Amino acid sequence: MSISSTYFPNEPTAPIIKTSEFPGEKSKADIKSLNKVFDSRSAYFVSDYEKSVGNYLVDSDGNTYLDVYAQIASIPLGYNNPALIEVAKSDKMIRAIVDRPALGNFPGKDTEEIISEILKIAPKGQDKVWSGLSGADANELAFKAAFFWYQSKKRGYSTPFSNEENVSVMEGQAPGSPELAILSFRRAFHGRLFASGSTTSSKPIHKLDLPSFNWPKADYPSYKYPLDQNEEYNKEEDKRCLAIVDELFKTWKVPIAGLLVEPIQSEGGDNHGSAEFFQGLRDITLKYGALLIIDEVQTGVGATGTLWAHDHFNLSPLPDIVTFSKKFQSAGYYFHDPEIIPNQPYRQFNTWCGDPARIILAGAIGKEVLKHDLPALNKKVGAYLFGKLEALQKKYPKYLQQLRGKDRGTFIAWSLDDAAARNKFLADMKTVGVNIGGCAEESVRLRPTLVFEEKHADILVDAIDKVLSSY
Amino acid sequence: MLKAALRRGVSKPSCLSSIRFSSSVAAQYFPNEPIKPQFVSETIPGPKSQALNNELGEVFDNRATYFVADYVNSLGNYISDVDGNKLLDVYCQIASIPLGYNNPALIEAAKSDDMLYAIIDRPALACFPSSNYKQILQEGILAAAPPGMTKVWTALSGSDANETAYKAAFMYQHAHKRGSLDFTHEELTSVMNNKAPGASDMVILSFDKGFHGRLFGSLSTTRSKAIHKLDIPAFPWPKAPFPALKYPLEEFKQENHAEEVKCLEEFERIIVEDYKPHSIAAIIVEPVQSEGGDNHATSFFFQGLRDITLKHEILMIVDEVQTGVGASGKFWAHEHWNLTTPPDMVSFSKKFQAAGFYFSNPELQPNQPYRQFNTWCGDPSKAIIARAIYQEVSKHGLVEKTAQVGDYLYDGLKQLVNKYSSKVSNLRGENYGTFIAWDCYDADVRNKVLLESRKRGVNIGGCGDVSIRLRPTLTFERKHAEILLQVLEDVFRVV
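From first to last, the protein sequence lines stand for chains A and G. If you read the first sequence in this note's numbering, its first letter stands for residue 1, the second for the next number, and so on. If you read the second sequence in this note's numbering, its first letter stands for residue 1001, the second for the next number, and so on.
Honestly, I wouldn't trust all of these hints.
Some chain A residues close to chain G (C-beta under 10 angstroms, calculated; not the full set) [said to hold, decoys possible]:
1. Val87
2. Glu231
3. Tyr346
Here are the computed distance ranges between Cβ atoms for each label pair [as the list claims (entries may be wrong)]:
4. A/Glu164 <-> G/Asp1490: 34 to 44 angstroms
5. A/Pro255 <-> G/Gln1415: 53 to 63 angstroms
6. G/Lys1195 <-> A/Asp465: 52 to 62 angstroms
7. G/Asn1367 <-> A/Gln401: 27 to 37 angstroms
8. G/Gln1254 <-> A/Gln173: 27 to 37 angstroms
9. G/Lys1479 <-> A/Pro255: 49 to 59 angstroms
10. A/Pro317 <-> G/His1176: 44 to 54 angstroms
11. A/Tyr233 <-> G/Lys1195: 24 to 34 angstroms
12. G/Asp1307 <-> A/Asp311: 53 to 63 angstroms
The list that follows gives simulated cross-link-like pairs (lysine-lysine, BS3-like), each with its CA atoms no further than 25 angstroms apart [as the list claims (entries may be wrong)]:
13. G/Lys1111 <-> A/Lys92
14. G/Lys1423 <-> G/Lys1395
15. G/Lys1195 <-> A/Lys153
16. G/Lys1419 <-> G/Lys1395
17. G/Lys1195 <-> A/Lys217
18. A/Lys250 <-> G/Lys1195
19. A/Lys51 <-> G/Lys1111
20. A/Lys367 <-> G/Lys1111
21. G/Lys1111 <-> A/Lys89
22. A/Lys388 <-> A/Lys398
23. A/Lys154 <-> G/Lys1225
24. A/Lys203 <-> G/Lys1423
25. A/Lys395 <-> A/Lys380
26. A/Lys203 <-> G/Lys1195
27. A/Lys109 <-> G/Lys1111
28. G/Lys1195 <-> A/Lys253
29. G/Lys1395 <-> G/Lys1479
30. A/Lys92 <-> G/Lys1048
31. G/Lys1036 <-> A/Lys109
32. A/Lys89 <-> A/Lys406
33. A/Lys217 <-> A/Lys250
34. G/Lys1448 <-> G/Lys1414
35. G/Lys1048 <-> A/Lys128
36. A/Lys455 <-> A/Lys388
37. G/Lys1195 <-> A/Lys109
38. A/Lys239 <-> A/Lys406
39. A/Lys109 <-> G/Lys1225
No wet-lab data here; the hints were simulated from the structure. Every value quoted in this text rests on a predicted model; they were computed, and no experiment measured them. Note that beta-carbon positions come from the ideal geometry of N, C-alpha and C, so glycine has one too.
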C-alpha cells in the first residue's frame, strides 16, 4: 500500500470544485472580516484545516484542492497526518505547550532527548544545533554565530574584550559593533527581518523603505535549459559567478564573515547551481577564512529527493552551518565546529531559545521521513513527474519554459513569458482544483508534501494539460 | 485589601467580587500545589541536574543553565527540578509563565481540537488563514488589546514583534513622505543594492539601558549590556537618556522631576539638532526597563515623550514584552500613564505566549500586501494559548489580584530594605503589582542573594548589574509572598 493511502485512507481521489470564483463567497466574506483586525490582503482563500486531508486542502466554500504549494512549502507529511496527530496529543506535547521554558536557563528533563531526535536527521557531519523560531530567525542567529566566530578568530577564542570594545559597543560603534558583512547572492531570499532582509535580494517589494546593511551581493548562476544541451555555457556561467564572489572577498570594504547561499534560490525563481559551483564557494570561503552557511529553509527535509539539498553537491569539507525551518516546523541551524559556539554564555541567547513544542513535532516529522524513506519516494515521484512535464513541455513550449529540477525530487519549476501569463496560469489552476504557487515574476514552482505520489502527479499533470489546452 | 482595590478604581466592590477576590485562585487551579519549597538534594543544581545538563551540552549550548527542570512535576508557583527539589518560582522562565505551571485551563486549551489542528496544520497565515483565526484573535489577543488599539500583527517572539513594528514604522513614514506617488525607478533599483533612496536611511530611537531583543534591528535598539551586543554589526541609531530616579520616590520628588525634565529636553534636542525632520521613524520605550535594571519613570515623562513625538510626527512604540499581561497591576503597564493620545504601536510576547504588535491606524498597514509578510505571520497555536490566558485572567480578576498581592509584597519588602539598608536599597515598583525590584550593594552581593535564595528554595532572577527583579506568575498570592519575604529576610541577614 502506498504511504499516502496508509496515512490517509480517506484522502480524496480527485479535487472537488464547488465555486466558479476564487476565493468563493464564503472565503471572500471571511477574508473581509479578518482584514478588519489582521492584514489579509494576500489571502488566497480561507482554509478549513479540520476537513483538509493528505495532499488536499479544503477551503471554507468546500472547494477541495490538490495542494502543491503546501503553505509556501512548509507542510511536510500532508494535512492531518495521523502520526503528527498522535504526537500533538501526547503528554510531552501538552507539557511543552503549557509550560514553555526559557530553554537556555531552565531546560527540561526531556530537552536533550527531543533535541537528539532532530539531530537524527541532521545533515551529514553536523552534530550540534541551535534553535530559533522561523527561517529569518534561524538565518540571523547563524549570522550572529558567524560574526562571533570571525571576531574570535581575530581576537583569540578566549581573549577578553577590550575596554574600548565594551564602551564603543554601547554606542553601536566599532570596534565593539564591528563593521562586518555577510555575502549573499542576487535573487536570494533569506527572510525579512533587518539583517536577513539585507541579504535578501529577491524583489524590491520585499525590501523597500527598510534600512539595510550595505552587504555585498554576488551573481548566482543563470543557467540555460535543458542542462544537458547547455553544459559548456553553464560551466562558463559558474566560472563567471565564482570570479565575482572571489573578487568581492578581495575588494569589499569591510571583512566578510560568512557566505550565505540557498542550494536552489526558491523565492527568487527556483534558480539552480551546480555541484561545481557550490564546491567553488566552499573553496573560496576556506581561502578567505569565512563560514559557509547553507540556507535549507525551503529546500531541506526531503523535498529534493535527498534529506538535504546540499547532499547533492558532496561538498568537501562540509558546510559550516546549515539553517532550517518550514517543512521541519521547528527552525534553527546545525553545525559541528565547537568554536561556532561563542566563548561566553548569554551571547547567543534569548528568552525562549526555540520552542520545544515545535522541536517535538520536528522530531516526529524526522522519524516518519526516515522510517518511510520519504526522500527516496520523493526522488522517484519527482523523476516520474519531471518526465511527464517534459512531455507536456513539448506540447506547450510557450507555457513550460526552462523546466528545472531534474533529479531534484519534486522541487520542480518552470517559467512563462511574463508575470501576467504566470498569474493567469496560477489562477486558472484553481478552476481545475489545484492550489499552486509562483516564484520570482514569471515562474511556477511545485512544492508538494513528501507524501505526494504518482497518483497525485497524474492529477496535477492532467490539470495543467487541461488549463493549457484552453490557451 | 478592599481599600487598595478602591484606590485603583476597581469598579463596584460588590459582595460577590469581594468574595471572589478573597478566595485563592491558586488553590482552585492547583489543589496540590506545594505549601512550601521542598528539598531533596543538598545543592541546587543537584547531581541529576548536573548529569543531564552535561549530556545536553554535547548538542546544545547549555552554559546558562540554572538547573534542569522537571515540568511534569512542576505545579503552580513551584518549579520542580530533576532531583525533585521544588522551588517557589518568582523568575518564571524570564517573566514568561502567566498562570503557573501545568495550569488546568491551559492544559484544556492544549488538548482542544483548535490546538490540535493549529499544531499539525500550521498555516501560512496571510495566504491561507484558517476559518477560525478571526474568532481566536477576537476572543483572545484582541479582547485584551490596550485602550485605543483595534488591530494586531502577529509574530513569534519579542524581538520579532519589535522588528515587525519597526518595519511598519519605516514603511509608514516613507509612505507619508512619498504621498500618492509610486516608487521611483531609482528607489526600485537602489534598494536591490541595499542603498538609499530605496533602502531607508531613517532610524529608530531607543533609550539608554533599554532592551528590545537580540536580532539585528532590535539589537541595534538594545542598550542593556555590552555582552548582549559585542561583535555584532549594528545600525547607527540614536539613543536618548532614560531617567535615573532616586528612591524612595517621595523623598526625591523635586530631583526626580528635574531629572525627567532634563531627559525630555535632551530627547527633544536629539530630534531637533541631531536629525533632519522626519528622519526618526519611531521611538521605542519600555514602561519599565526590565533587563536594563527595572528602571521606572513617571507618567509625566511618558506623556512628555508622547507630546514630543506627536509634535515631530515620530511614531511611539511601547514595548510591553516583559511588562504586559497583568504583572504591573494593570493588564498593560502603559495604562498607568493615562496618556492623552494612545501610543501608535504596542508590542507584546512573553507572558502572552503569542507575540506581535497592536495598533489602530490603518496606515500602519503598508500600502501593498506582501510588504509586512513572511511564511507563517505568527502561530495560531500560540494565539489559542493567548486566548485561554486572557480568558482566565479576566474570569478570575487576576490583574486586580496581582495589584493587591503586589501591595502586600511591596510593604513587606519596604520593611526589609529599611532593616538591611547597608546591603539592599532602591526598592522599586510601588503600586505596580508584583513588578518589583531593588538594588544590592554590588554585583557580588546581588549574585549571592540569588544563590542563597535558591538554596532556600526560591528561584529568583537578576537584572541590570546589581538589581534583583521579581517576576512571579499572576497566580502568586499572599501565601507565596509570605514565604518569599521570609526567605529574603534570611538571605539578607547572611549575605
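Do the hints match the structure? See the list:
no.: 1; hint: Val87; in the structure: holds (8 angstroms)
no.: 2; hint: Glu231; in the structure: violated (30 angstroms)
no.: 3; hint: Tyr346; in the structure: holds (6 angstroms)
no.: 4; hint: A/Glu164 <-> G/Asp1490: 34 to 44 angstroms; in the structure: holds (43 angstroms)
no.: 5; hint: A/Pro255 <-> G/Gln1415: 53 to 63 angstroms; in the structure: holds (56 angstroms)
no.: 6; hint: G/Lys1195 <-> A/Asp465: 52 to 62 angstroms; in the structure: violated (46 angstroms)
no.: 7; hint: G/Asn1367 <-> A/Gln401: 27 to 37 angstroms; in the structure: holds (32 angstroms)
no.: 8; hint: G/Gln1254 <-> A/Gln173: 27 to 37 angstroms; in the structure: holds (36 angstroms)
no.: 9; hint: G/Lys1479 <-> A/Pro255: 49 to 59 angstroms; in the structure: holds (58 angstroms)
no.: 10; hint: A/Pro317 <-> G/His1176: 44 to 54 angstroms; in the structure: holds (51 angstroms)
no.: 11; hint: A/Tyr233 <-> G/Lys1195: 24 to 34 angstroms; in the structure: holds (32 angstroms)
no.: 12; hint: G/Asp1307 <-> A/Asp311: 53 to 63 angstroms; in the structure: holds (59 angstroms)
no.: 13; hint: G/Lys1111 <-> A/Lys92; in the structure: holds (12 angstroms)
no.: 14; hint: G/Lys1423 <-> G/Lys1395; in the structure: violated (41 angstroms)
no.: 15; hint: G/Lys1195 <-> A/Lys153; in the structure: violated (30 angstroms)
no.: 16; hint: G/Lys1419 <-> G/Lys1395; in the structure: violated (39 angstroms)
no.: 17; hint: G/Lys1195 <-> A/Lys217; in the structure: holds (12 angstroms)
no.: 18; hint: A/Lys250 <-> G/Lys1195; in the structure: holds (21 angstroms)
no.: 19; hint: A/Lys51 <-> G/Lys1111; in the structure: holds (19 angstroms)
no.: 20; hint: A/Lys367 <-> G/Lys1111; in the structure: holds (23 angstroms)
no.: 21; hint: G/Lys1111 <-> A/Lys89; in the structure: holds (7 angstroms)
no.: 22; hint: A/Lys388 <-> A/Lys398; in the structure: holds (16 angstroms)
no.: 23; hint: A/Lys154 <-> G/Lys1225; in the structure: holds (22 angstroms)
no.: 24; hint: A/Lys203 <-> G/Lys1423; in the structure: violated (58 angstroms)
no.: 25; hint: A/Lys395 <-> A/Lys380; in the structure: holds (23 angstroms)
no.: 26; hint: A/Lys203 <-> G/Lys1195; in the structure: holds (14 angstroms)
no.: 27; hint: A/Lys109 <-> G/Lys1111; in the structure: holds (22 angstroms)
no.: 28; hint: G/Lys1195 <-> A/Lys253; in the structure: holds (15 angstroms)
no.: 29; hint: G/Lys1395 <-> G/Lys1479; in the structure: holds (21 angstroms)
no.: 30; hint: A/Lys92 <-> G/Lys1048; in the structure: holds (20 angstroms)
no.: 31; hint: G/Lys1036 <-> A/Lys109; in the structure: holds (22 angstroms)
no.: 32; hint: A/Lys89 <-> A/Lys406; in the structure: violated (39 angstroms)
no.: 33; hint: A/Lys217 <-> A/Lys250; in the structure: holds (13 angstroms)
no.: 34; hint: G/Lys1448 <-> G/Lys1414; in the structure: holds (20 angstroms)
no.: 35; hint: G/Lys1048 <-> A/Lys128; in the structure: holds (22 angstroms)
no.: 36; hint: A/Lys455 <-> A/Lys388; in the structure: holds (12 angstroms)
no.: 37; hint: G/Lys1195 <-> A/Lys109; in the structure: violated (48 angstroms)
no.: 38; hint: A/Lys239 <-> A/Lys406; in the structure: holds (22 angstroms)
no.: 39; hint: A/Lys109 <-> G/Lys1225; in the structure: violated (31 angstroms)
Comparing the model with each earlier hint shows violations of hints 2, 6, 14, 15, 16, 24, 32, 37, 39; every other hint is respected.
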